[in-house]
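Here the protein sequences come in this chain order: A and B.
For the first sequence, counting from 1, position 71 maps to 543 in this note's numbering; every step adds exactly one.
For the second sequence, counting from 1, position 68 maps to 409 in this note's numbering; every step adds exactly one.
No lab work stands behind these hints, which were simulated from the structure alone.
Treat the hints with caution; some may be incorrect.
Derived DSS-like pairs (lysine-lysine); straight-line CA-CA distance at most 30 Å [to be verified]:
1) B/Lys476 - B/Lys343
2) A/Lys579 - B/Lys475
3) B/Lys405 - B/Lys343
4) B/Lys405 - B/Lys475
5) A/Lys579 - B/Lys468
6) B/Lys405 - B/Lys468
Okay, the calculated beta carbon distance ranges per label pair [unchecked claim]:
7) B/Lys343 - A/Ser507: 46 to 52 Å
8) B/Ser439 - A/Thr596: 54 to 60 Å
9) B/Ser349 - A/Ser504: 53 to 59 Å
10) A/Leu502 - B/Ser459: 38 to 44 Å
Over the 10 Å line for every Cβ pair with chain B, so calculated as not near, a few chain A residues [to be verified]:
11) Arg485
12) Ser486
13) Arg488
14) Thr501
15) Arg508
16) Thr510
17) Gln519
18) Arg526
19) Ser534
20) Asp552
21) Ser553
22) Val558
23) Ser572
24) Leu588
25) Cys595
Only a predicted model underlies this, so the values are computations on that prediction, with no experimental measurement involved.
Note that the Cβ used here is the ideal one computed from N, Cα and C, for glycine as well.
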Amino acid sequence: MQGDTPLTQNTHRSERPAFNKEVFDLQITLCSEGSRLTAFLSGELDQFSAERARDELDAALSDGRITRIEFDLGGVTFMDSSGIGVILGRYRRMMERGGSMSVMNAKGGVERLLRLSGVYTLCTERSSK
Amino acid sequence: MKNTLRTSFLSISRNEALARGIAAQFVMLSDPTVEELSDIRTAVSEAVTNAIVHGYGYSQGEVKLDLEAEEGLITVVVEDFGRGIEDVELARRPFFTSAPESERAGLGFAVMEAFMDSVEIISSPGKGTRIIMKKRLSPNA
């Protein structure tokens, strides 16, 4: 149909170069179970993505029954102090309702940033699974 | 061997990732450790965020990112031509923020200082801010 031109060539022309969304864009998955909200974050958390993180987390926290927030940062590949702002802001909301927070699974630079900012000192361990 | 890279971009948040990506690619040529590379990316992100959020207050302006590598010493210069900082010593203080309403942690300069060997801030109110950061990479034995 295409003569000498292989069909795949046309397909390639309309293909987008691989901007790896899973590595660069922030992905947020929220799971609530009773009074506990777990936020699984992956990708990059900076000032650009912090606004969406804040909006999505606050929408979930509008359920006043939630008194514990758990951040699972296992998939976060980059975070700067804008991410610390997001975590501290949600911590304040939990404190306002007498709740608690934990931050888990951070690696590398994210882990060092959390230590530096003192976020871990605000966390309480999960008493039961 | 000395190497330099000079870039300039608009102060939009999306460019934070671009700026730290450019810096990372440049630093990679000097064979850093994973930790050193991560430190520099984070410091660049903080400095560029400072230019966008504080320098220009989310309005549009030019941000310059100049990189230099010489004998394992990395120098990063981030410059904006925005409102400048009234009190640099106060801005350096951890948890101080001029924008508490937008939920800033006030840790930008503290993070730059923790992750780089030196951070110099030159600012004139109404003219802009220039942040000069240096980090020496450990030699690859």
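Cross-check of the supplied hints:
The straight-line distance between the Cα atoms of B/Lys476 and B/Lys343 is roughly 15 Å, inside the 30 Å bound, and the hint therefore holds. About 24 Å separates the Cα atoms of A/Lys579 and B/Lys475, which keeps this hinted pair within 30 Å; it holds. The suggested pairing of B/Lys405 with B/Lys343 holds, with an alpha-carbon distance near 20 Å, which does not exceed 30 Å. For the hint pairing B/Lys405 with B/Lys475, the CA-to-CA distance comes to about 16 Å; that is within 30 Å, so the pair holds.
For a cut-off of 30 Å, the pair hint linking A/Lys579 to B/Lys468 is broken: about 39 Å separates their Cα positions. With a CA separation close to 14 Å, the supplied pair B/Lys405 and B/Lys468 stays within the 30 Å bound. Separated by about 58 Å at the C-beta atoms, B/Lys343 and A/Ser507 break the suggested range of 46 to 52 Å. Between B/Ser439 and A/Thr596 the beta carbons are some 31 Å apart, a value that contradicts the proposed interval 54 to 60 Å.
Distance hint for B/Ser349 and A/Ser504: a CB-CB separation of about 45 Å, inconsistent with the stated range 53 to 59 Å. With their beta carbons about 41 Å apart, A/Leu502 and B/Ser459 fall inside the hinted range of 38 to 44 Å. In this structure A/Arg485 is separated from chain B by more than 10 Å, as the shortest Cβ-Cβ distance comes to about 25 Å. No beta-carbon of chain B comes within 10 Å of the beta-carbon of A/Ser486; the shortest separation is about 24 Å.
Every CB of chain B is more than 10 Å from the CB of A/Arg488 (nearest about 17 Å), matching its label as outside the interface. Once the 10 Å rule is applied to beta carbons, A/Thr501 is consistent with being away from chain B; the minimum gap is 21 Å. Separation of A/Arg508 from chain B is adequate, the least Cβ-Cβ distance of about 23 Å exceeding the 10 Å criterion. A cut-off of 10 Å between C-beta atoms confirms that A/Thr510 is not in contact with chain B; the least separation is 21 Å.
Distance check on A/Gln519: its Cβ comes as close as 5 Å (rounded) to a Cβ of chain B, failing to clear the 10 Å threshold; non-interface status is violated. At roughly 7 Å from the closest C-beta of chain B, the C-beta of A/Arg526 falls inside 10 Å, breaking its exclusion from the interface. Non-interface call for A/Ser534 relative to chain B: holds, since the shortest CB-CB distance, roughly 17 Å, exceeds 10 Å. Not every beta carbon of chain B lies more than 10 Å from that of A/Asp552, the smallest distance being close to 4 Å; the non-interface claim is violated.
Non-interface status of A/Ser553 relative to chain B is broken: a Cβ of that chain comes within 10 Å, the nearest being about 4 Å off. At roughly 7 Å from the closest C-beta of chain B, the C-beta of A/Val558 falls inside 10 Å, breaking its exclusion from the interface. For A/Ser572, the shortest C-beta to C-beta distance to chain B comes to about 20 Å, beyond the 10 Å cut-off, and the non-interface label holds. Separation of A/Leu588 from chain B is inadequate, the least Cβ-Cβ distance of about 5 Å not exceeding the 10 Å criterion.
The Cβ of A/Cys595 sits about 16 Å from the closest Cβ of chain B, beyond the 10 Å cut-off, so the non-interface label holds.
Violated hints, listed in ascending order, are 5, 7, 8, 9, 17, 18, 20, 21, 22 and 24; each of the other numbered hints is respected by the structure.
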